[in-house]
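Protein sequences, first through last, are from chains A and B.
With this note's numbering applied, the first sequence covers 3 to 138.
With this note's numbering applied, the second sequence covers 3 to 138.
Be aware that one or more of the hints could be misleading.
In this list, chains with the same sequence are indistinguishable; a pair is considered to hold if it fits within one copy or across any two.
[What the hints assert, rightly or not] Straight-line Cα separation of at most 30 Å, DSBU-like style, residue types lysine-lysine; simulated pairs:
#, residue 1, residue 2
1, Lys127, Lys47
2, Lys18, Lys104
3, Lys19, Lys127
4, Lys7, Lys35
5, Lys18, Lys127
6, Lys35, Lys80
7, Lys19, Lys40
8, Lys48, Lys7
9, Lys127, Lys48
No lab work stands behind these hints, which were simulated from the structure alone.
Number of protein chains: 2
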Amino acid sequence: MNIDKAWDILKNEGFKKTDKREQILTILSETEKFITAKDILNVMKKEHPGMSYDTIYRNLSTFVGLGILEETELTGEKHFRMQCEADHHHHHFICMSCGNIKEIPFCPMESLHHAIPGYEIENHKFEIYGNCPSCH
Amino acid sequence: MNIDKAWDILKNEGFKKTDKREQILTILSETEKFITAKDILNVMKKEHPGMSYDTIYRNLSTFVGLGILEETELTGEKHFRMQCEADHHHHHFICMSCGNIKEIPFCPMESLHHAIPGYEIENHKFEIYGNCPSCH
DNA sequence: TTTGTAAATCGTAATCATTCTTAATTAGAA
DNA sequence: TTCTAATTAAGAATGATTACGATTTACAAA
Numbered sequence: 003m004n005i006d007k008a009w010d011i012l013k014n015e016g017f018k019k020t021d022k023r024e025q026i027l028t029i030l031s032e033t034e035k036f037i038t039a040k041d042i043l044n045v046m047k048k049e050h051p052g053m054s055y056d057t058i059y060r061n062l063s064t065f066v067g068l069g070i071l072e073e074t075e076l077t078g079e080k081h082f083r084m085q086c087e088a089d090h091h092h093h094h095f096i097c098m099s100c101g102n103i104k105e106i107p108f109c110p111m112e113s114l115h116h117a118i119p120g121y122e123i124e125n126h127k128f129e130i131y132g133n134c135p136s137c138h
Numbered sequence: 003m004n005i006d007k008a009w010d011i012l013k014n015e016g017f018k019k020t021d022k023r024e025q026i027l028t029i030l031s032e033t034e035k036f037i038t039a040k041d042i043l044n045v046m047k048k049e050h051p052g053m054s055y056d057t058i059y060r061n062l063s064t065f066v067g068l069g070i071l072e073e074t075e076l077t078g079e080k081h082f083r084m085q086c087e088a089d090h091h092h093h094h095f096i097c098m099s100c101g102n103i104k105e106i107p108f109c110p111m112e113s114l115h116h117a118i119p120g121y122e123i124e125n126h127k128f129e130i131y132g133n134c135p136s137c138h
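Generate coordinates for the entire structure from the input sequences, incorporating the hints supplied.
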């Protein structure tokens, strides 16, 4: 997902264009990694010293709700990154050293739908952690 | 895992037998569900009004470290339950209504080891959320 | 059984991420 | 330009978790 597409979605849903949102999206689109609200605040404080956590959290959760960002919980903190452009459902390998992401073109749910009849599946989480080739 | 086996492990590692630990283990062994530190405190406060959170969190993390409990993050809170007895690696379906657990006799990693050469896999998370047959 | 000592617990304060509140500001429509 | 709802600032509140000094306890050894 790039910033333009994110703005299309936001405009479409009636959200206003603000420089804070622009900056949050810019920061996120400049990295592949999952980053925290604090990471974003630290960058934004340079230009806007009186930056509020509330602004960041509120916008991050708006973005997640609109499918602009994806969210995961790593070591007790929420982490965010741009939603993948890929049109197919997939999962991630997350490098614990450098934080980089590799897309896993595979979803275990496909083979599982039939394995547990009677169970209504609403959601699933599948993530792999370790070290990427350049980190070990 | 039953309480006796838990005590074997604790004794073996040089941990002392205390009534607080006994009670925490008892509470956990009486349910199949993932429960929180607060759930445990609420029960224990009846007998020990001056119960400390520190005691519960410290012991829970000891137990997790020794493989007596397993831990997961649900809606921002750590949840714990007794480690499964099963000798084979497996995953869980977690019912979002009643909290009950169903064992999934299937691990997606088996088919994945070869799919990402060069990546050193250290850990993985695979959980399915939804409603169990009696809840929908 | 008594005693010594490290481990465990208590009670509370501190910390950390996140959310809430109210007032002020701002983007974009009319 | 003006109006209005959306957005933001600033800081307080919340809720989970951890840390800490003082006290108590388990248990091994005398």
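(request) Taking the numbered hints from earlier one at a time, note which ones the structure violates and give those numbers from smallest to largest. (result) Of the numbered hints, 1, 2, 3, 5, 9 do not hold.
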